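Please put together the full structure from these sequences, using the hints given.
Per this note's numbering, the sequence shown starts with residue 818, numbered consecutively.
Please note that the accuracy of each hint is not assured.
Once the Cα atoms are required to be at most 27 Å apart in a straight line, the calculated BS3-like pairs of lysine-lysine come out as [claimed, not checked]:
no., residue 1, residue 2
1, 1285, 1384
2, 1195, 1384
3, 1305, 1285
4, 1295, 1305
5, 1516, 1501
6, 1501, 1384
7, 1008, 963
8, 1295, 1447
9, 1210, 1384
10, 1447, 1427
Calculated from the structure, these hints are not laboratory results. For clarity, every value in this text was computed on a predicted model and none was experimentally measured.
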Amino acid sequence: MKRYLCIHGHFYQPPRENPWLEEVELQDSAHPYHDWNERISAECYLPNTAARIADHENRILDIVNNYTKISFNFGPTLLSWMERAQPEVYRKILEADQISVRERGGHGNALSQVYNHLIMPLASRRDKVTQVRWGIADFESRFQRKPEGMWLPETAVDLESLQVLAEEGIRFTILAPHQARRIRRIAPDGKKRETEGEWEEAEGIDPTRSYRCFLSDGLFIDLFFYDGPISHSVAFDRLLRSGEAFVDRLKGGFSDQRDWPQLLHIATDGESYGHHFAHGDMALAYTLQEIERQQIAEWTNYGEYLSKNPPAYEVEIVDQSAWSCFHGVERWRSNCGCQSGGHPDWNQRWRQPLREGFDALKGSLDLLFETKGKRWLKDPWEARNHYITLIRKREENQLTWEEAERFLSQQQARALTPLEREEAIQLLEMQRNALLMFTSCAWFFDEISGLEATQNLKYAGRAIQLAKELDPTGLGGKAENLLLERLKEAKSNLPEFGDGASIYQRFVGGSVIGPERIIAHYAIASLFEENPQSGDFYNHQITLQDYRRVTDGTVTLAIGRVLVTSKITFDHEEAVFGVLHFGGHDFHCAVGGMLGVEGYEKMKSDLIEKFYRGSQADVVRGLNHALGEKSFSLNDLLIEPRRKILAYVSGSLFSRYENLWRQIYLDHQRLMFYLNSTQAKIPKSYLVAAEQVLNHDLKEEAARLSDQPVFDRTIQIIDESKRWGVDIEVDEIEQRLRSLLNVQMQRLVNAESRDAKDAIVQAHHLLDIADRAHLEINLWEAQNFFHQFIQRWKIIRAGNPLDRTDGNAIAKLAARLSYHWDETA
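Here it is in structure tokens:
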């Protein structure tokens, strides 16, 4: 009997976007990366697109895309981030699925997923349908085919969820072994047996075959129950520390006692392969290759296996169960005892009021959606099901007002005014955020003040904001209090955070980005631009209608008129701003509604007159009188724009003293040499001056290298820093050198013989510079390009002069790139 193997990776991260910006903000805890998505991608998603198989000296033998061999699903919200932030990783994942479709008889490795990782058994049927339809539509738009299987978040399952999957055309899903209740042979005609007999308990269910679950209305769905012990060892027992151990463990999962084509399959979080366990991608790559080399089994995916081996047994599931909770699905609504283990003294009693608060809020928002929506939409809930088409358009940066109008023309109950169209889109966006607030991660971890729970509170806050705008005196106006009343019962384990209501006020309030705050960002940032223009601010378009800036000494005043348009809901607002910069980090910005053209021009001339009279206090009073008492400072800006402005301000302040530092350094350089030669202590002030000057010069070198890649001065600066023992920031130089090396390596891949020779020479030259400058270059991309070159060269080498004349140069380059080179292979 044939033996098959399938490794499934569930790749998912909770959405981290600020709901008002639709972008992930800077997360210092992920340093040196911008945010946790970027960090986990660098440790896992990216390495698995080009995983190394190495020899005993850690030299690369082969580079493979693991996604071409394993079964996988990626959360739609994660793919949305990846599509815009990591397009090359995204492309490689889609490409891997296309390869698997060709190699697996039309069955791709990729599975779809319920849209935003909510716990399906705890959702209404209506929300289940939307989640499944959104997941399918998202998958089809990306992978350009219909999904055969769908991953259930946390493998949380009930019969209604399976019914919805089957109704939407999903053929199979994957569950944990303890989620099977009982099994029996399928009737000879392949239909559901009408009698109750012949069932046997499914404890210890055999995971090496598929099972059929019969549902209502003559429907069914096929289920795979993964191998629990091996999956657990991958996820928790450090099995991935050794590729050989992984192979042996998989081999041991087969049995000669079975008389059917066995499918040994495991399922874990995909992040096991690189993020949870360093170099897990390499252990996986080795295993994928070694299983084939030893002919232990044939790699397959679930769709291909099902097409060859339909189920012989039917199964009943344990209703309302999941892979990560021993108490059904209580982890996502009660203090059941399941937790991460990091704080055994904490409790999770906050889970219940958080769930109840969101449920109450959702009920109110649903009523508002239905009441208002039926005025404009034929069927508000069907419109919501189709709203994914607009979501995908904006993720692809293709959403226009014309696209929105086209969508609404198919959904509207009558011809809508422009304002009604905007409000219809706002209603649908309110529903999107109301669904996102149920993402499972909020309840999974131990504390309500954690990143995951506060992220869901932000989605709730965005839904509430939209509800207030749509219905300020009715359901929308009451929605926030409805949530806060329940959140007061959600007590934090950390006294400083109090309860859920305090956490909501603390974390959600600072994230809210309304039109006024967006304009304040633009106004303050405009002070540091030579010629401010219209442009995008995250998911808003800012159209500059007028702008005037005046400066007197160290004080600057800017006044402007702008139109701000949401690229999500298309609502827009005209406003006037005035911003005064007193120098350093001291700003005063005011934003107000339109004054009319005459009123604006009068305000502008009055303020400029006051400014030139030298009375800054009069200017502030004038701004407050014209635009209101509310003001914005640098503290009101988002962390990234704020830090950019602070960097600019700090750089400007430093430039005033740069000549002084340089004079100190140059005047005392000979003395420093003498002190150094006699091993005497160099005064700290001299070393501070050296550090400032050398860092400044290195930054200038990094900028110059973009046009003139000559590194003599760079090496000299680095040598000087080492001589004095001062710290310099070499990241920009390393990035530039790495970029130049990658250019040569990419040139090598596609070059003809003569150009290839020159590319090899240039690559050696750049690596020589790195050695002389004592820089550690990240060679990951260069190795990938070299691997492509070797594969191409093997094919054409018979007529390639490189084979005869430049083997040594290739071998030397291979050695420097830690690549195993066998000229005879």
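Evaluated hints:
Among the hinted pairs, residue 1285 with residue 1384 is consistent with the structure: their alpha-carbon atoms are about 20 Å apart, no more than 27 Å. A hinted pair counts as satisfied when its Cα atoms are at most 27 Å apart, and residue 1195 with residue 1384 qualifies at roughly 25 Å. The hinted pair formed by residue 1305 and residue 1285 meets the criterion: a straight-line CA distance of about 21 Å does not exceed 27 Å. At roughly 16 Å between alpha-carbon atoms, residue 1295 and residue 1305 fall within 27 Å of each other, so this suggested pair holds.
Restraint check for residue 1516 and residue 1501: the C-alpha separation of about 23 Å stays at or below 27 Å, so the hint holds. For the proposed pair residue 1501 and residue 1384, the alpha carbon gap of about 54 Å is over 27 Å, so the pair is violated. Annotation: proposed proximity of residue 1008 to residue 963 holds, straight-line Cα distance about 25 Å (limit 27 Å). Simply put, residue 1295 and residue 1447 have alpha-carbon atoms about 25 Å apart, close enough for the 27 Å limit, and the pair holds.
With a CA separation close to 11 Å, the supplied pair residue 1210 and residue 1384 stays within the 27 Å bound. The straight-line distance between the Cα atoms of residue 1447 and residue 1427 is roughly 20 Å, inside the 27 Å bound, and the hint therefore holds.
Violated hint: 6 only; the structure is consistent with all others.
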